[in-house]
Amino acid sequence: MSRFTRGFTGRSRGAEASRLPPGQYDTGTTWPVLTAEPTPRLSIAAWSFAIEGLVERPISWTWEEIHALTPATYHGDIHCVTTWSKLGMTFSGVSVDTLLEIARPLADATHVLAFSHTGYTTNLPLADVTGGRAWVTWEVDGRPLPVDHGGPARLVVPHLYFWKSAKWIAGLRLLDHDEPGFWERNGYHDRGDPWLEQRYQGD
Amino acid sequence: MTETSAESPAPTPWQFATVVSITDETSHAKTFRLRLDRPATHLAGQHYVIRLTAPDGYTASRSYSVASAPEGSPELDFTVERLDDGEVSTFLHDVVQPGDELEVRGPIGRWFVWNGTSPALLVGGGSGVVPLAAMLRLARRTGRSDLVRLVVSVRSPEDLYYGAELPGPETTVVYTRRGPHGGTRPPGRLTAADLPLAPRRAVTAYVCGSAGFANHATDLLLDAGIAATAIRIERFGPTGPT
Numbered sequence: 065m066s067r068f069t070r071g072f073t074g075r076s077r078g079a080e081a082s083r084l085p086p087g088q089y090d091t092g093t094t095w096p097v098l099t100a101e102p103t104p105r106l107s108i109a110a111w112s113f114a115i116e117g118l119v120e121r122p123i124s125w126t127w128e129e130i131h132a133l134t135p136a137t138y139h140g141d142i143h144c145v146t147t148w149s150k151l152g153m154t155f156s157g158v159s160v161d162t163l164l165e166i167a168r169p170l171a172d173a174t175h176v177l178a179f180s181h182t183g184y185t186t187n188l189p190l191a192d193v194t195g196g197r198a199w200v201t202w203e204v205d206g207r208p209l210p211v212d213h214g215g216p217a218r219l220v221v222p223h224l225y226f227w228k229s230a231k232w233i234a235g236l237r238l239l240d241h242d243e244p245g246f247w248e249r250n251g252y253h254d255r256g257d258p259w260l261e262q263r264y265q266g267d
Numbered sequence: 069m070t071e072t073s074a075e076s077p078a079p080t081p082w083q084f085a086t087v088v089s090i091t092d093e094t095s096h097a098k099t100f101r102l103r104l105d106r107p108a109t110h111l112a113g114q115h116y117v118i119r120l121t122a123p124d125g126y127t128a129s130r131s132y133s134v135a136s137a138p139e140g141s142p143e144l145d146f147t148v149e150r151l152d153d154g155e156v157s158t159f160l161h162d163v164v165q166p167g168d169e170l171e172v173r174g175p176i177g178r179w180f181v182w183n184g185t186s187p188a189l190l191v192g193g194g195s196g197v198v199p200l201a202a203m204l205r206l207a208r209r210t211g212r213s214d215l216v217r218l219v220v221s222v223r224s225p226e227d228l229y230y231g232a233e234l235p236g237p238e239t240t241v242v243y244t245r246r247g248p249h250g251g252t253r254p255p256g257r258l259t260a261a262d263l264p265l266a267p268r269r270a271v272t273a274y275v276c277g278s279a280g281f282a283n284h285a286t287d288l289l290l291d292a293g294i295a296a297t298a299i300r301i302e303r304f305g306p307t308g309p310t
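Protein chains in written order, with this note's numbering: chain A, 65 to 267; chain B, 69 to 310.
Okay, chain A solo, but in the shape it has when bound (with noise of 0.2 Å):
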């Protein structure tokens, strides 16, 4: 970048910068929702998530089934590709690792396809989705995650774009191959990685 905007300074670098990926803003307490379709109106009792595709045991867990399961809590930043980064939010849930532990991805399972209940879908190396990096959560700083932001649950990959982290998630299918699911087919990159821009196709 060699050429400045005229007369453009910038706001104040705090000490919260050096969190901040390139290109991001600290929105503070704010927290936008920023979604194409309409909310859904999910009920708890009809509520599921199911691990499918290239795994030794196909599964679906019930809400209460899925509450059974080891708890487990991210807390730190989240950062969405129109350039808000929120901070230091806790969500709470349940490790796609525990997840995968019971269904078994097979060896030659190298992504998967993260499918919501309204059809909405995002694509994810598999790496990235395990290791600790990725969980399905239903609380928010303490919380049941509200309906606008993604509840009854979620899944958070805090590490990629916020796009990744598909709301009203319905399961995983894990694939052998990558295929783009929504925003990746309309023009957006399909990992993601804020640290490293990759915000649109090409990036």
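Don't read these hints as lab results, they were simulated from the structure.
Bear in mind that the values here come from a model prediction, so they are computed numbers and not experimental data.
For every residue, glycine included, the Cβ atom is placed at its ideal position computed from N, Cα and C.
None of the hints are false.
Cβ-Cβ distance ranges computed for the label pairs, FRET-style:
| hint | chain 1 | residue 1 | chain 2 | residue 2 | range |
| --- | --- | --- | --- | --- | --- |
| 1 | A | Trp259 | B | Asp124 | 15 to 25 Å |
| 2 | B | Thr259 | A | Arg207 | 30 to 40 Å |
| 3 | B | Arg257 | A | Pro135 | 40 to 50 Å |
| 4 | A | Ile108 | B | Gln165 | 53 to 63 Å |
| 5 | A | Asp240 | B | Asp152 | 43 to 53 Å |
Derived list of chain B stretches under chain A, where covered just means 3 residues or more per stretch with a C-beta under 8 Å from a C-beta of chain A:
| hint | stretch |
| --- | --- |
| 6 | 115-122 |
| 7 | 178-190 |
Chain B: place on chain A using the hints.
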């Protein structure tokens, strides 16, 4: 939901654009006309990212919808609302002048787009009218106003963008706080009665506005029998996925 396209798009590189003119739309919104170094054809509803860079390399970028119709021009209109705490919008409003160069990237987004050939119900709240204006302008320019119906909800006449251009048989303006002198509809929140729904079963709805407005408008559409899969939404702040 379904997708608009399955092909993998080409990368959209950053480029510079020159500010050609700045026009007041309301006391809080200005339209910036930018001439692109390398023009690209956009679809009605798409957006660009505008990136500001400080001398020390610090950057701030936000997405802004294109307000102008696709018409092969190297000049694009972006209407920007000034948010008091908006790092980019306050700079654009308070500092940028005609002749300045801004770094832009786009067009981006292939979900909230209208192809110009299918029935569309456009529902915008406040500055959410901007991408819908591109769709209305496209419809009028191509002589297909029969395909679109636009409903815009604003607080008062002073908050309406494109006020001189909007009126027409295909548009409705709803005032939530205070209507124009002589208006017949009492001011109030958007209702199902404000939406031209009945004869347009195959319609795709495009809803743009704040999260609260988008949820309200979407509920009205769902209650009226529009399928969730036929509703495309762009919620503020900036546009795009989370």
